[in-house]
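2 protein chains.
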Amino acid sequence: MEQDTNIPQHRKVYEILRSHITSGVFVEGDLLPSENELCTVHLVTRPTIRKALDRLANEGYIVRHQGKGSIVMGIPKGAGILSLTGTTSAIGQDNLTTHIIIKPEIRNWSEAFTFPLNKLEVESGCIYMERLRLVNSKPVFYDITMIPNINLSRFTSRNFENKSLFDILRKYYHIEVRGGEQKLLAIVADERLKDYFKVGSGHPVLQLNRKIETNRPGFSIYSQVFCNTDEYALYGTF
Amino acid sequence: MEQDTNIPQHRKVYEILRSHITSGVFVEGDLLPSENELCTVHLVTRPTIRKALDRLANEGYIVRHQGKGSIVMGIPKGAGILSLTGTTSAIGQDNLTTHIIIKPEIRNWSEAFTFPLNKLEVESGCIYMERLRLVNSKPVFYDITMIPNINLSRFTSRNFENKSLFDILRKYYHIEVRGGEQKLLAIVADERLKDYFKVGSGHPVLQLNRKIETNRPGFSIYSQVFCNTDEYALYGTF
DNA sequence: TAAAATTACTTGTAAATACAAGTGAAATAA
DNA sequence: TTATTTCACTTGTATTTACAAGTAATTTTA
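Protein chains in written order, with the numbering used here: chain A, 1 to 238; chain B, 1 to 238.
These aren't lab readings, by the way, just hints derived from the structure by calculation.
Nothing here was measured: the structure is a model prediction, and the numbers come from that model.
Careful, some of the hints might be misleading.
In this list, chains with the same sequence are indistinguishable; a pair is considered to hold if it fits within one copy or across any two.
[As the list claims (entries may be wrong)] Once the Cα atoms are required to be at most 30 Å apart in a straight line, the calculated DSSO-like pairs of lysine-lysine come out as: (1) Lys211 <-> Lys68; (2) Lys211 <-> Lys183; (3) Lys119 <-> Lys68; (4) Lys119 <-> Lys198; (5) Lys171 <-> Lys194; (6) Lys12 <-> Lys68; (7) Lys138 <-> Lys119.
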C-alpha cells in the first residue's frame, strides 16, 4: 500500500504538522513546538525540520518570527470565488439560495467559453446546467456550468439545489479542484440578464469565464458566471 | 545606498538569477548552470544556492529535474492582476506602457477604497499616485495607488514610468507581497474614465479595489484599478 | 522602585560533508 | 551494428556544526 520508505522525512514531518493544524490540534495563535523540540520528537535534524516548516510557512499555515517561534495561522483562506472554491463559499452559504434554470442534461459541445477542448472532451459531450443564485432573495449570480461527461454515473440525477457542485464532485467522484484559469470582463446586461437580474438597460455586469482543473488529468470544469455587483461586490483573498 | 551586507547570500543569488530570467539572459527552455557551477560563480555553498533555487522553483521561474538540471520557464504567468504581482506581469511587459497621471505625492487619507486604515497609517499619511496603463498603445488600466508613508525614503522621487511598483518595493525597501483582499465590481464609466479610455456613455468598466499585504507587519498597499475589458479580458490563473 | 544588563531561549544563515537517485552520453560487449 | 554497461554529471536528501540575530523573562544595578 503506502510505501513509508521513499517518502522523504521533511515531507512526512510536513504532513504530520499540516494535519495537526487542519484537524485542530493546533489552532490559530498557538505556538508550534520549537524547531529543536520538533527535532527530538521526529528524530531528525534541524535542516529537515526547517524544510517542513518552510513549506508550511509558504502555504500560509504558519508564520515564523525570529526569536519567538512559529505561530499557527490555521487553514489558509482561499481566494473565494476568484480562486478555488466556487460561488458558494464566496458569500457564506447562509443567505444563498439556488434556482435551477436548466437541470443537468447531456449536450454536445465544441468549445467552452473561449476555452478550447481536447478530442476526448468533445467526443464525450458535456453535462450542461444553468443556475440562478440569490443572495438574501436578490438575484446576484447567473452561472452556466459545463462538465465533460466522463465517468460521472448518475450525475444528472443528483440534486444541486442546496449543495455545492464541488462538494458533490469531491464526495462522490473523488474529483478535487487543483487550479485553473479565468478571464474577467465587464459587460452590459443583455435581455436575458436584464430579465434574471431585474435590472434596466445598460446595466453593468461582471462576467467570469473559468476553466477549473482537477486532480483527474484532462478533466476540467468550465463555467461562466455573470454577477450583478450592485449590492454585493465579488470578494476574495489571495 | 542600499546595504549590501545584511542581505543574506541566498537572497542575493535569487535576485541575480531572477533578474537574469526576467531580463532575458535566460529564456524559456534554457538550462540553468548546475548547482555546483553556481556555487563557484557566486562563491557560496550548495545549500545556499539550493535555497535560492527553491524559491525560484516555488515561484515558477524554473522547474528542476533530478539528473538533468534546472529548466528555465520564463516569467511566471501567475495570477496576474487577480493575484500577487500587479498589472505589469499580467500582460507581459513588452506591450505595456505607463503614463503617470499624478506623480507620487504625499497626501492625507482616512480610508482607502472602502478598506479601513489603522491609526499609524492615518497619522503617517500616504503616497498617492495615479497611472494610466496602455496595452499596445490603447488605454486599458487606470489605477490609483496609495501607500502608507512609513519608512520609504526618497520614494516620491523614484521613477515609475517603466518599472513595476512591486519590483521597486522589493528591491529597494525589501517589501514583498504576501497576500491581500480584493473587491470586484462592474460599473459604467464616469466622465473621467470615458475621457481616459476614450469610450462613450454607458461603457462597462471593471473596478478592482485591493488591499495588498506585505511582509512588513501592518504595512499594506491599497490600489483601485479600473479596467476596460473591451479588447483585453483580465486573465489569471489560480 | 525603575532602568539596564544578562541570560536563556527562539529562528536565520551558512558551511562542509556524505550519500542516494535520476539522466544521458560514452565505452564496452555481444 | 546493436544492446548493454559504465561513468560522469545532475539534483535530492540528510547530518553536523557554528554563529548571528531577535525576543522575553530574569537578574542586576542605579
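The hints, checked one at a time:
1. Lys211 <-> Lys68: Cα proximity of Lys211 and Lys68: across copies only (27 Å, versus 41 Å in one copy).
2. Lys211 <-> Lys183: both (9 Å within a copy, 21 Å between copies)
3. Lys119 <-> Lys68: between (53 Å within a copy, 26 Å between copies)
4. Lys119 <-> Lys198: neither (39 Å within a copy, 42 Å between copies)
5. Lys171 <-> Lys194: For Lys171 and Lys194, neither the intra-copy (36 Å) nor the inter-copy (48 Å) Cα distance is at most 30 Å.
6. Lys12 <-> Lys68: Answer is both; intra-copy 24 Å and inter-copy 26 Å each pass.
7. Lys138 <-> Lys119: neither (40 Å within a copy, 37 Å between copies)
Consistency with the previously given hints fails for numbers 4, 5 and 7, ordered from lowest to highest.
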